[in-house]
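Chains as they are written, first to last, in our numbering: chain A, 426 to 641; chain B, 5 to 248.
Read the hints as simulated data drawn from the structure, not as lab findings. Just so you know, even glycine gets a beta-carbon here, dropped at the ideal spot from N, CA and C. Treat the hints with caution; some may be incorrect.
In silico lysine to aspartate or glutamate, EDC-like type, Cα no more than 20 Å apart, as pairs [to be verified]:
#1 LYS95(B) x GLU479(A)
#2 LYS129(B) x ASP99(B)
#3 LYS207(B) x ASP236(B)
#4 LYS98(B) x GLU637(A)
#5 LYS435(A) x GLU127(B)
#6 LYS634(A) x ASP76(B)
#7 LYS105(B) x GLU637(A)
#8 LYS95(B) x GLU60(B)
#9 LYS198(B) x GLU174(B)
#10 LYS153(B) x GLU109(B)
#11 LYS17(B) x ASP481(A)
#12 LYS17(B) x ASP635(A)
#13 LYS428(A) x ASP99(B)
#14 LYS98(B) x GLU75(B)
#15 LYS634(A) x GLU75(B)
#16 LYS207(B) x GLU242(B)
#17 LYS24(B) x ASP640(A)
#18 LYS428(A) x GLU77(B)
#19 LYS98(B) x GLU128(B)
#20 LYS182(B) x GLU171(B)
#21 LYS435(A) x GLU128(B)
#22 LYS153(B) x GLU115(B)
#23 LYS435(A) x ASP99(B)
#24 LYS428(A) x GLU174(B)
#25 LYS17(B) x ASP640(A)
#26 LYS634(A) x GLU197(B)
#27 LYS427(A) x ASP99(B)
#28 LYS96(B) x GLU113(B)
#29 LYS427(A) x ASP76(B)
#30 LYS96(B) x GLU479(A)
#31 LYS93(B) x ASP481(A)
#32 LYS132(B) x ASP635(A)
#33 LYS132(B) x GLU637(A)
#34 LYS427(A) x GLU227(B)
#35 LYS498(A) x GLU75(B)
On the chain A side, residues computed to face chain B include the following (Cβ under 10 Å) [as the list claims (entries may be wrong)]:
#36 MET426
#37 LEU429
#38 CYS480
#39 ASP481
#40 LEU489
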Amino acid sequence: MKKLLYKEMKLTAHPLSYFFILFALMAMIPGYPIAVGGYFVCLGLFYTYQQARECDDITYTVMLPVRKRDAVKAKYVFAIFIECVAFLLSLILTMVRMNALGGAVVYASNPMMNANAAYLGYLLMIYGLFHLIFIRGFFRTAYKYGKPFVVFTIAGFVLIGIGEVLHHIPGLTGLNDPAMVNAPQLVILVLGLLFYVGGTAVAYAASVKDFERIDL
Amino acid sequence: MGYVLEVDGITKKYPAFELKPISFHMEAGEVMGFIGRNGAGKTTTLKSILNLVHPEAGSVRVLGMEYLEHEDEVKQQIGYAVGGISYYKNKKIKDIIAITKTFYENWDEQEYRHFLAAFKLDEEKRLKELSEGMKVKFYLTIALSHHAKLLILDEPTSGLDPVSRDEMNEIFRKLAEKGVAILFSTHITSDLEKCADTITYIKNGELVKTAPMSDFITSYAAEMGGEPSLEDIMVYIEKEEVNL
Numbered sequence: 426m427k428k429l430l431y432k433e434m435k436l437t438a439h440p441l442s443y444f445f446i447l448f449a450l451m452a453m454i455p456g457y458p459i460a461v462g463g464y465f466v467c468l469g470l471f472y473t474y475q476q477a478r479e480c481d482d483i484t485y486t487v488m489l490p491v492r493k494r495d496a497v498k499a500k501y502v503f504a505i506f507i508e509c510v511a512f513l514l515s516l517i518l519t520m521v522r523m524n525a526l527g528g529a530v531v532y533a534s535n536p537m538m539n540a541n542a543a544y545l546g547y548l549l550m551i552y553g554l555f556h557l558i559f560i561r562g563f564f565r566t567a568y569k570y571g572k573p574f575v576v577f578t579i580a581g582f583v584l585i586g587i588g589e590v591l592h593h594i595p596g597l598t599g600l601n602d603p604a605m606v607n608a609p610q611l612v613i614l615v616l617g618l619l620f621y622v623g624g625t626a627v628a629y630a631a632s633v634k635d636f637e638r639i640d641l
Numbered sequence: 005m006g007y008v009l010e011v012d013g014i015t016k017k018y019p020a021f022e023l024k025p026i027s028f029h030m031e032a033g034e035v036m037g038f039i040g041r042n043g044a045g046k047t048t049t050l051k052s053i054l055n056l057v058h059p060e061a062g063s064v065r066v067l068g069m070e071y072l073e074h075e076d077e078v079k080q081q082i083g084y085a086v087g088g089i090s091y092y093k094n095k096k097i098k099d100i101i102a103i104t105k106t107f108y109e110n111w112d113e114q115e116y117r118h119f120l121a122a123f124k125l126d127e128e129k130r131l132k133e134l135s136e137g138m139k140v141k142f143y144l145t146i147a148l149s150h151h152a153k154l155l156i157l158d159e160p161t162s163g164l165d166p167v168s169r170d171e172m173n174e175i176f177r178k179l180a181e182k183g184v185a186i187l188f189s190t191h192i193t194s195d196l197e198k199c200a201d202t203i204t205y206i207k208n209g210e211l212v213k214t215a216p217m218s219d220f221i222t223s224y225a226a227e228m229g230g231e232p233s234l235e236d237i238m239v240y241i242e243k244e245e246v247n248l
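So here's chain B without its partners, still in its complex pose:
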């Protein structure tokens, strides 16, 4: 079976930051935690995958299709959510959905109703009235109602309280069981321990390692000794001397 997502050597150069060649791939039903410190290049990578940022080099394939050549077809198969942003905040959910669904060939009204109920979303509410957690659920509802096979989520759990984060992690696991591949960036390592199958670590724009969770931890356990958690590994990788 082919990969759901193949990222091959994407790079991006800014005056003060460079994303060095990033390559990884994902299979159906895989939850990949994309981890790194603030400013490491997580959002730039995700936006480069989605052509929101124009990468200098590299290619992205989704379900075997070149992203740039089949942009509209690819987007029929993916969902994207970012924490902390609300589109059309003064519009009601039902008004946004009424327009959005016309763009999707596979829009499933029954699924939409199902996720509205499951996520306890009120269609009459305006986006500005939703909490951060509910906004992420709203974006997920859109993605799942058109049967997205790949979800790309940028810090979806940032700004959520522990209970909402735990709920979100459970949602990710259940979606993965249904075959949805989920790539989500975060710097909250405890979320990954609950739901990620693989870890892709990025530091200063450079891919440090991409591996199944257990392999990732084992490889650092040998260097660090004991049974380190993801947080221990992150601190180990990022530790710098503080000079005041």
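Bound-form chain A, shown alone:
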């Protein structure tokens, strides 16, 4: 797995996949749907798929002394790596916001999503959707990436919209607490974590099954 990740990083990855990790900094913007930062991290990964198709990376990987399914594993491992780095950055910024800046007026009166535990849960859901819709969709053919990305974009923005609406519903306003972690936030975080882990497992198994069947 280490070798596959290294290969993805050195040969396949588009520089924007790394650069777009910085969109995690959106966590600090007040009055902005900050979960969009998670979408941009996935957009950065999308560029790697464009590059992979252009340089026939899949065939090259399959011809290395690995199993055919390892070409799928390489793509998931790289996506998870980028997402983990972005999530770690988001987590640090969220902790800074909640602990040091929780009382700031711009965050306390923020009508849009605040960076808190629920926000982190939404990020995990977006990453899970990326695996379930985009990567899984890509491995149905191993070359068509346009339609899966459009579908992922729609699903991702619907999710972000739901996240922005939920905290305006009476009784759920705690979801947007800028300084305190509460039960509703933790529910979203746990749901996000379960969705990310479960969704990735389902997406990976389905991708392997589809990829074994297709002709390169």
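Place chain B on chain A using the hints.
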């Protein structure tokens, strides 16, 4: 001694094309020319052998190992090259090699340096800067640096000038003398006359004949008369009336 490659009844069905059961085998040091017209099923067969195309039936054994059951082990022993494709064209040779070699247990840096020099490959060059002939040499360098015992080459001489093709044929002969088995597809019959030991002929997805070169020619000489060349035989097999 066992076979290096055993292909047993592989088939593949597309809406407009069918690969009928293909079976043949190869020994160490054998150069097999896999010949047929464009669209006859050569690439489909080679890709089916390599599991790049998913065959409907049949099996492939390499050095006694079932390909699908020992895919990663088998690939340690084989090299694959295809004409007209360049992976990671914007990367330098040395960067691609730095990653590729980590996957091979038997990577031999000394052999790698030897073939770089022998093929006059410059590590600092990007793949897009290589001619078609140099690209094939680059893939061969990778294969030979991990001591591949079987090379599967899809139209490696297509797109090469006559001098480069002649050089490539000489390389194949020298590798065969070292015990490397080479299966290469082509529709350029003159290449085969220079370097192939056996001929496997495919027509419209169907295996016509697989035999040592001399037997192959003799069997058609009886039907055609005289001393036909491979090109004469190919034209004889494929000749169709042209209706305009």
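Hints, one by one, checked against the model:
In summary, the hint linking LYS95(B) to GLU479(A) is supported, as the alpha carbons are separated by about 13 Å, within the 20 Å threshold. Among the hinted pairs, LYS129(B) with ASP99(B) is consistent with the structure: their alpha-carbon atoms are about 10 Å apart, no more than 20 Å. A distance of roughly 15 Å separates the Cα atoms of LYS207(B) and ASP236(B); the hinted pair therefore holds under the 20 Å criterion. Between the alpha carbons of LYS98(B) and GLU637(A) the distance comes to roughly 31 Å, so the proposed pair goes past 20 Å and is violated.
Of the pairs offered as hints, the one joining LYS435(A) and GLU127(B) holds, with about 17 Å between alpha carbons and a cut-off of 20 Å not exceeded. Among the hinted pairs, LYS634(A) with ASP76(B) is consistent with the structure: their alpha-carbon atoms are about 18 Å apart, no more than 20 Å. In summary, the hint linking LYS105(B) to GLU637(A) is not supported, as the alpha carbons are separated by about 25 Å, beyond the 20 Å threshold. The straight-line distance between the Cα atoms of LYS95(B) and GLU60(B) is roughly 36 Å, outside the 20 Å bound, and the hint therefore fails.
A distance of roughly 8 Å separates the Cα atoms of LYS198(B) and GLU174(B); the hinted pair therefore holds under the 20 Å criterion. For the suggested pair LYS153(B) and GLU109(B), the alpha carbons sit about 14 Å apart, so the restraint of at most 20 Å is met. A threshold of 20 Å between alpha carbons decides the hint, and for LYS17(B) with ASP481(A) the separation of about 24 Å lies outside it, so the pair is violated. Restraint check for LYS17(B) and ASP635(A): the C-alpha separation of about 18 Å stays at or below 20 Å, so the hint holds.
Between the alpha carbons of LYS428(A) and ASP99(B) the distance comes to roughly 14 Å, so the proposed pair stays at or under 20 Å and holds. For the suggested pair LYS98(B) and GLU75(B), the alpha carbons sit about 26 Å apart, so the restraint of at most 20 Å is broken. A threshold of 20 Å between alpha carbons decides the hint, and for LYS634(A) with GLU75(B) the separation of about 16 Å falls inside it, so the pair holds. Using a Cα cut-off of 20 Å, the hinted pair LYS207(B) and GLU242(B) holds, with the two alpha carbons roughly 8 Å apart.
In summary, the hint linking LYS24(B) to ASP640(A) is supported, as the alpha carbons are separated by about 17 Å, within the 20 Å threshold. Taking the CA atoms of LYS428(A) and GLU77(B), the gap is near 16 Å; set against the 20 Å cutoff, the hint holds. Taking the CA atoms of LYS98(B) and GLU128(B), the gap is near 6 Å; set against the 20 Å cutoff, the hint holds. Between LYS182(B) and GLU171(B) the CA atoms are separated by roughly 17 Å; this keeps the pair inside 20 Å, and the hint holds.
For a cut-off of 20 Å, the pair hint linking LYS435(A) to GLU128(B) stands: about 16 Å separates their Cα positions. Between LYS153(B) and GLU115(B) the alpha-carbon distance is near 14 Å, which keeps this suggested pair within the 20 Å criterion. Between the alpha carbons of LYS435(A) and ASP99(B) the distance comes to roughly 8 Å, so the proposed pair stays at or under 20 Å and holds. In summary, the hint linking LYS428(A) to GLU174(B) is not supported, as the alpha carbons are separated by about 35 Å, beyond the 20 Å threshold.
Distance hint between LYS17(B) and ASP640(A) is fulfilled; the C-alpha atoms sit about 11 Å from each other, no more than 20 Å. Between LYS634(A) and GLU197(B) the CA atoms are separated by roughly 43 Å; this puts the pair beyond 20 Å, and the hint is violated. For the given pair, LYS427(A) sits about 17 Å from ASP99(B) by alpha-carbon distance, which is consistent with the 20 Å threshold. For the given pair, LYS96(B) sits about 17 Å from GLU113(B) by alpha-carbon distance, which is consistent with the 20 Å threshold.
For the hint pairing LYS427(A) with ASP76(B), the CA-to-CA distance comes to about 16 Å; that is within 20 Å, so the pair holds. For the hint linking LYS96(B) to GLU479(A), the alpha-carbon distance of about 16 Å falls within 20 Å, and the restraint holds. Distance check on the hinted pair: LYS93(B) and ASP481(A) sit about 9 Å apart at the alpha-carbon level, within 20 Å; holds. Proximity of LYS132(B) to ASP635(A) is assessed by CA-CA distance (about 32 Å); at most 20 Å being required, the pair is judged violated.
This hinted pair does not check out: LYS132(B) and GLU637(A) have alpha carbons roughly 30 Å apart, beyond 20 Å. Distance hint between LYS427(A) and GLU227(B) is unfulfilled; the C-alpha atoms sit about 59 Å from each other, more than 20 Å. Between the alpha carbons of LYS498(A) and GLU75(B) the distance comes to roughly 15 Å, so the proposed pair stays at or under 20 Å and holds. Checking MET426(A) against chain B: minimum C-beta separation of about 12 Å lies over 10 Å; hint violated.
At about 9 Å, the closest approach between the beta carbon of LEU429(A) and any beta carbon in chain B falls short of 10 Å, and the interface hint on this residue holds. Using the Cβ-Cβ criterion of 10 Å, the hint placing CYS480(A) at the interface with chain B is satisfied: the shortest such distance is roughly 5 Å. Interface hint status for ASP481(A): upheld, as the beta-carbon distance to the closest one in chain B is roughly 5 Å, under 10 Å. Checking LEU489(A) against chain B by beta carbon gives a least distance of about 5 Å; that is within 10 Å, so the hint holds.
The earlier numbered hints that this structure contradicts are 4, 7, 8, 11, 14, 24, 26, 32, 33, 34 and 36.
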